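Visitor: Chains as they are written, first to last, in this note's numbering: chain A, 48 to 507; chain B, 3 to 664; chain C, 3 to 253.
Simulated from the structure, these hints should not be mistaken for laboratory data.
Accuracy of the hints is not assured; some may be wrong.
[Said to hold, decoys possible] So the derived list for chain C, only partly shown, Cβ under 7 Å to chain B, looks like this:
1) 27
2) 97
3) 99
4) 181
[Unchecked claim] So these bits of chain A aren't anywhere near chain B, every CB distance computed over 12 Å:
5) 147
6) 151
7) 160
8) 171
9) 329
Values in this document were obtained by computation on a predicted structure and should not be read as measured data.
For every residue, glycine included, the Cβ atom is placed at its ideal position computed from N, Cα and C.
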Amino acid sequence: MIAPSTLQATVRRRIDAGARLAWIFADRVGSEAILCYVIEEGGKLQTLSGPVFESVRSLAVGLPAAAWYEREISERWSVRFENLPPNPPLTTVLPAERLRFVDSSEVSTLLYGPVRSGIVESVRWVVETAGEDFISVYPSMWLKHRGLEARFVNVPIALAPYVAEHVSGASASSHAAAFCRATEMLLGIEASERARAARAVLVEFERIHQHLDSLAKLAEDASLSVGSAQMFAAKERVHRLLCEATGNRFARGSICVGGTRFDVFERLRQTCVRELDGLQKHALSAVDRLVSTQSLMDRLIGTGTIAHDDAAAAGAVGPTARGSGVSCDVRARDGYLFTPLDSREALEGGGDAAARTLVRVAEIRRSFQLVRNALDANPGGPHCTSARPTDGEAVARVESPQGELLYFVRIESGAIARVAVRGASFANWPLFIPSLRGNIFTDFSFIEHSFGALQSEVDR
Amino acid sequence: MIWLLAALALSALGAVASILVPSSSGRFAGFLLLAASGIAALAAATHGLLGPAEATVFGAAQSHFALRLDPVAGFFLAVLGFVAVTTGLYGLGPRSSDERRSGRTASATACAVFFAAILACAANDILLFIFAWEMLALTFYWAIAYSGVDQNAPRAAYLTIVVTHVAGACLVAALLVSARMAGGFSVPSVVAAISAMAPPEAGTVLILLLIGFGAKFGLVPMHVWMPNGYRAAPSVVTALMAGGALNVGFYGVTRFIVPASSVHLWVGIVAILAGSLTAFLGILWASARRDLRSLAALSSVENGGLIVTAFGIAIVGGALHDPLLQGFAVAAAFVQIAAHAVAKSTFFLCISAIGDACETRSLDRLGGIAKRLPGLAVAVLFCGMSLAALPPLAGFVGEWLIFEALMQAFRTGSVACEVTFTLGGALIGLAAGTAVVTFTKVLGIGVFGAERTEKRERSGAPRSFARSLALVLGSLAIAGVGIDASGLLQWIATAIDGIAKVPASLAMTGTFPLVQPTFGGFSSISPVGLGLTIVFFSAIFWLISRLFSRPAGRYGEVWTSGEPYRPWTQYSGTGFVNPTRVIFDVALRTVRTVDKEGETFHFSSDIRPLLDLPFYRLLARPFYAISRAVRATQSGVIAAYLSYILAFTIVLLLLFPSLRRW
Amino acid sequence: MSWLEYGLRGGILTTHYPHGDDRMPDAYRGEIEFVESAHQAAAGERIVADVCLSHAIADEGGSARVDSLRCFRCGECTRVAPERFLNRNHFEVARVAESPASVLRALRKRLRSLGRSIHLRHVDAGSDGSEEQELNAIFNPFYDANRLGVFLTASPRHADMLVVTGAVTKPMLEPLQRTFAAMPSPKVVIALGTTACSGGIFRDRPEIVGPVDAVLPVDVWIPGAPPSPLSILHGIWVALGHTLAHGEVGA
């Protein structure tokens, strides 16, 4: 714990010295509010926390990455940040007329959402336009807020990973793995190599099916029906493989604190012997064909551009950051995954939707390779390690399909007292609006799908 | 002739009465006398059209004040008279919000404009014509500067007077040169003189005349005064100006240019190209306008272009010795003149009513008219459809005839003509399409849109019988000119005789209910048939839906993505024409500014049309340079001026002998 | 090779269901059943109800019942008490209102007037994102819902069937109600996913208004976390009146 007067200064100093701000969250211990800053220094995460009294200095002015975290904390935890630039609230859904910022009768306001066309998650956009361009765009989130972080409290530790899987069902394995990792660090145990290999394989399969989903939606937007159908077909095969191995198409209910709930590795190994070759061939051939289709790439090149410096300053993660040349692959830093990886991170410099797409394609290829590496290694060990309940707190991270996913777990008197979740989609959200500048309506869905955000992990 | 004099007298009396009689009675008297004058003009027109082919002249034939009433003048008097009747009738209603103070200036200027217009159409003498033309220019200035409440009125009026006078100067020069050639000032002799002129002089004279008359109806680039000018004057007066007095320009073209240039092919080609370009650019600029009055003004520019194109075809026909083409093209022009006059005047009257009802004339702020004022919405619908040339209304027939004339390219046998006709046709086709977009914007966004602003308790001006009668009359005229086009053609047949020297029976066959050009079965339409078909099928569909539909469903809220419906989610006019704007940005050159001030964005967009003020500024630069240089001579030192006199005297003395010899 | 050739070379992947049979892998957790064993539990021995996060196991004094609409198929109970709780890989799990029979008859009558082809409108009322991806999957080449006459539409005015995923959060209450009101009759509502059917683990949370049937009249419930595409097809087929729901006796 750091004294409140020096907390922000310490954080600032470390960041100026080259650290990256990953997260800011709040906690309440007893009647005291605690502010925690998670920074990454030299590839390792560090938490700096301190109690907060009436008000706190905001870091958002010089550090754009801090802005949205501070906004959320100031609204939900009643912490006052001085000098926080004024903005409409993030976690309250305002009536749409309060989000109109253009004073001209020539400009009409388009309300896009919350019930949008297609099978999409609910988020509302208030777009002011004079034809087809974006003059003012304001998103309203928090429509799907289900109170997940509060739901964790007092849940038995053995059952808590199920709650983590509910935060985002489409990236369930990443969330469960991050939660379990944090709890294991707290309890002072480490899952066996076999269990960690199984988790790695599940997370990599999840990356494959989520990236295929993104690519399929991009193809659908460009009216490439056959391409989109092939992507969805490849995704379906991944789900079928996972279902055969684990009993759930999204591999839910496989990961637990201490390892996996049954010998997931063996089931995966047996299923992959039969299915993996066909699946890999199908997926990679379809994906390669897709990115050499000029009619699709023409729509993506130059669309939704994010400059490298903007991405780095805003703390972007995942394929979104890598598309702008920002290196941020968590797998290369923490030894979470089964084998420490080489630093062959897929980086592209363009910053546009095409760059993000190419990053995803490279990641799919790499994920297949990682799966094979893990399965070939076939390590031994129990599938679950038990532990005695202890008190404590820990922060862990996993490279989910959207990017770096952070979990904070605090156990007090043997029961879960606080869980905080930072989804990768939340970190990338602030870049979405600037990326719309200079584009027109028809580019919107391409940009949206190239970001690949999952709203459920943003709203929690 | 007595009716003509009565018309002149009544309108003069109307102007005087408006000035002298105080408050709203003066206004009422002025408009009443305007309507009466219009009726007198209509009577005179009937006389002229039904009367003998040669003119009836009042006053000694050589006198400078002689008036002349032949079928051509009769046609134009009919058009002017009708517009005056509807305008006068409309003015009998309450004062509208864009008239200054008690509205007496508005009625006075309206009467004065009408007076000048009739005088110009009936003048038998060049000097009287020029006098009437100048008077028209001055009354326009008076109307624009003093009768409305627009902030920009002084600037608009200044621009108007400058452009009209520059054009007037061209006109005066050309007419005086021709009068010198003719040796007299009467109109027929001047026309004959122009026809007889040798090519270089004839060319100069005809082009100067085209420029002069073009400024009145807005031939590009002389149209610059129209958008702001028509916006500054109250819409009641603009109805008369745009629907009525505009036609004096066409009268001038008909009287002076068409008969005289029937030996000069190139004049026709120039007219076609200039006209079609004007048509396209005019409507393109109209599509980007947000104010209804500017939009209507630019639509008048478009129509002017169409009519000049038709006259151009007539000139080509004359030069190629094809009387059928010539007669047909003149007929097409006349029908379009009539269609435009009734539609544009009614449109401006509707704009006046809209402005009173909604307290705004900006398209992006209008809404709810169809719900609150269904009659007005129907009137605007008629005007809009006619101006967009949709069947079975007036504008459709006129434009169809012009297209038919353009399609006769293959008959001309001259490559230059074929290319010109094709090019003209393409531009007019573009113009027609853009017109549909523009008036869809006006009707869809402005008239049929829902209320755009939250507060709307007052319903605007009280209902007025006179106003409604005027709008009904205008709408009926639009429908009538369209559906009974063949009947109209019978009337204007005698007018065509005078111009095209073609027997009327050869020029057009307009037997009811068909309209067809006499090209040996080329094509024909029946506006009556079209009208009946539309009505018939509408009735059938209504019947089917009544017989076979299930019980009435539920009324629900407009679907807005799960949000409650608010009026500001509607499309704006600017958004609607955005594709047109983007495609033709070369001619529109849109400028958009978005400033962020705190939380709010200030957005504004404007167009900088190519052949608009920037063009003039470019032209004016050498003049400014010269005048700056000349200003140096006005040093204010008496010695300089004395030396100028001395120098000039010496030069004169040196030159005098050689001048005498010459 | 063009996309067309590439697609044709891939062959036909589509299942014959519901006009033919299909099955899920053995390990698939489709339904959890409570097995009455020969050895009855001694009075007082609690069946492991507290291992269920969504309180789907109703302890009925020596016996138990698994509420399929609340069960999110985690399989925890099958691991803790494997002789009592069995996993079945059934995928035909859609349910309709249990009583009275007149409600069912009215539903069937209403559905028959929809004809042979329907349009779906989906609303996300607060899901975790996986149900949307499974609903999207019914249009992929493996399942191809279009061959059954099932199409997706963007406007509720054109929709016959409303599919709602997720328990209804407070901000999504009104949009959901507006969407339902914007649909013309006859219309059918399907609650997709365990959280939509019963609230799941969010049942009594303050942020949630309730499961979908607390807000709209639901006709068919499809439980699952998430329900597989075959379960969704079954549910739609039940909704169209072409087949029986789980536990329904043939009429």
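Visitor: Determine for every hint whether it applies to the structure shown.
Guide: Going through the hints against the structure:
| no. | hint | in the structure |
| --- | --- | --- |
| 1 | 27 | violated (38 Å) |
| 2 | 97 | violated (27 Å) |
| 3 | 99 | violated (24 Å) |
| 4 | 181 | holds (6 Å) |
| 5 | 147 | violated (7 Å) |
| 6 | 151 | violated (4 Å) |
| 7 | 160 | violated (5 Å) |
| 8 | 171 | violated (7 Å) |
| 9 | 329 | holds (37 Å) |
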